[in-house]
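Peer 1: Okay, here's what each chain looks like letter by letter:
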Amino acid sequence: MEILVASGIGVLTMVGLYLVLSRHAFPVIIGTTFLSYAVNLFLFVMGRLEIDKAPIITKGVTDYADPLPQALVLTAIVISFGMTALVVVLALRGFLETGTERVEKGEPQRDARKRKAAQP
Amino acid sequence: MSHLIVAPIILPAVVAAFLVLVLRHDLTSQRIVSMASTLVLLAITIWLYVSAAEGAPTPYLLGEWRAPFGIVLVLDRLAATMLLLTALLAVAVLIYAIAGWDHRGQHFHPLFQFQLMGLNGAFLTGDVFNLFVFFEVMLIASYGLMLHGGGARRLRTGFHYIAINLVGSTLFLFAVGLIYAVTGTLNMADLAARVAQIAPGDEAILRVGALLLLLVFALKAALVPLQWWLPSAYAAAPGPVAALFMMMTKVGAYSIVRVYTVVFGADAGALADIAAPWVVPAALATLALGAVGVLASPTLLGMVCFSIVWSMGSLLLALGLFDPVGLSAGLYYLLHSTLSGAALFLLADLVAAQRGRLADRLVPAPRLPHADLLAGLFFVAAIAMTGMPPLSGFLGKLLILDATWRSPLAVTSWVILLGSSLLVIVGFARAGSTLFWKIADRPAEPAEPARSIALPVTVIAGLLGATALLSVFAGPISRELAATAQQTLDIKAYVRAVNPADLALSRGAPQ
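These protein sequence lines are chains W and Y, in that order.
Using my numbering, you'd call the opening residue of the first sequence number 126 and step up by one each time.
Using my numbering, you'd call the opening residue of the second sequence number 222 and step up by one each time.
Only chain W is shown next, with the shape it has when bound in the complex (with noise of 0.2 Å):
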């Protein structure tokens, strides 16, 4: 099962660096979400991956799950969830300004200029 969930975690953060350098912005937000969702489950498995073990305090019971990743992740969760929104209001905000949504200075003047020259 371990390697099973660190190839997953592999995975999602090789897709997430990958998307993350593209030219346009919407890649890029995809690419921080994978990003968060593999360190996510990251998080959750340092507590290491256990069965049949209490998540809660319960009488007579001595082995417990680690119960502070979980906690942990929480506020990551949390946290990235924000920063996506952020970045997704920023990118439509960016697009509605300048008529793009490549990220590289630059380009926004000659795509327009090739818009302005495309117009009847």
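It is worth saying that the hints were derived from the structure and are not from the lab.
All residues carry an ideal CB built from backbone N, CA and C; glycine is no exception.
One or more hints might be untrue.
Using C-beta positions, here's what the derived DEER-type ranges look like [claimed, not checked]:
#1 GLY696/Y x PRO152/W: 54 to 62 Å
#2 ALA274/Y x LEU199/W: 34 to 42 Å
#3 ARG374/Y x THR200/W: 29 to 37 Å
#4 ILE128/W x LEU619/Y: 54 to 62 Å
#5 GLU175/W x GLY683/Y: 56 to 64 Å
#6 LEU221/W x PRO610/Y: 45 to 53 Å
#7 SER272/Y x ALA190/W: 40 to 48 Å
#8 ILE202/W x HIS324/Y: 32 to 40 Å
#9 TRP449/Y x ALA210/W: 23 to 31 Å
#10 ILE202/W x TRP658/Y: 54 to 62 Å
#11 GLU222/W x LEU643/Y: 35 to 43 Å
Here the structure of chain W is known, so what remains is to put chain Y in place on it, guided by the hints.
Peer 2: Below, chain Y alone, put in the same frame as chain W:
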């Protein structure tokens, strides 16, 4: 213990919520409340500094949960120094912003207060995950502030800025996860004990986590090769916001010092001083690249941004030695570079506003209104930033040279620091000549409606005056900072204060 330790976090948070919920439509009231709150914060941080100077680090247990089970804030000399510097800078920046910048967009004052909350929290917390949370508070506020005033350029650069910080936050969480996996704790004082006893089999994972964390802090501190985001982000930010952002790179430097002395310091066993081989070479590279950037920049703001990168190289060259002399020198330079950098950002903003469409491009322009005054301020600010006598930059640089003298990289450090200083001096001299001495022979184009610059000039002069005071009172200040450096490196005292021995004894052997 006094509840004033938590006040630098709670006060801005409450005021920010109040401003956005109750006073959102009344800018005048927002200004009054924001200014009053920041002044109260300054008073609180002065009190905290005085009380921190008296003795051992003071823990503050949130919710009365003992460390390592609860989140703990720790007030010591280093944290108090950073809090005081933040409050001083905040007062200056807020006065400048009230002169006009704050009505060019929504919610400047609430975001400003949230920014202070994040900064103060980062300096006070004694928990690595809580440090992550305060980093995020600080960053979220910085996104809003950076985009204040809008415009296509800001939106584009803002997207870059947010994307790079999202990746940085992800790396932070990966690092935190690795450290927790092998130590079972994220409290810094508890980590100090656990790291020293790490099992050989877990050493590699912990090493990866430690270096990943260093990567995160280096990104925040704009160390080469992670500095490329800073020039464009700070150049696009509004002037007062960029001045406040001077404090954010200092958070990165502070985090490096705190984590790699307390947790991975001299007492950390197999991972002792794990950051030391990396920070100084990276700082030297940062110095070189920052200086080249200063020469290459076609705009005043770009030049100021690269000089910030350069000054971070100087700062981390001293801090990266991880010894009392280097730490003391670094702290003195930190005070200086924060004040002079903020003054330069505000001045660049003021000059750009006077020059119409030319803004801050380094080309001759018709004679500026208030040219003599601005030229004088620029001259003083350039002296401060480049580190020439008689201002505190020179003393700071001298202290750094002295601190690096005994290190293995002494010759390299001296050559790069002095050589890059020459390049920065040339860059600023050329910019000053172009902006203020060369006059284009054509009528002045209409700039923004003429507005009094008395208040902005007063703020800039105040910041530069502070660097002069740093120079005049260098002796007493250096002694204070030497004591701060000693306390910061006294890891046992820190651990003992936060994690009492009786608690440690009551816990079994590490599992």
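Peer 1: Against this structure, judge whether each hint is valid.
Peer 2: Evaluated hints:
no.: 1; hint: GLY696/Y x PRO152/W: 54 to 62 Å; result: holds, 57 Å
no.: 2; hint: ALA274/Y x LEU199/W: 34 to 42 Å; result: holds, 39 Å
no.: 3; hint: ARG374/Y x THR200/W: 29 to 37 Å; result: holds, 34 Å
no.: 4; hint: ILE128/W x LEU619/Y: 54 to 62 Å; result: holds, 56 Å
no.: 5; hint: GLU175/W x GLY683/Y: 56 to 64 Å; result: holds, 59 Å
no.: 6; hint: LEU221/W x PRO610/Y: 45 to 53 Å; result: holds, 52 Å
no.: 7; hint: SER272/Y x ALA190/W: 40 to 48 Å; result: holds, 42 Å
no.: 8; hint: ILE202/W x HIS324/Y: 32 to 40 Å; result: holds, 36 Å
no.: 9; hint: TRP449/Y x ALA210/W: 23 to 31 Å; result: holds, 26 Å
no.: 10; hint: ILE202/W x TRP658/Y: 54 to 62 Å; result: holds, 57 Å
no.: 11; hint: GLU222/W x LEU643/Y: 35 to 43 Å; result: holds, 42 Å
Violated hints for the displayed structure: none, as all numbered hints are satisfied.
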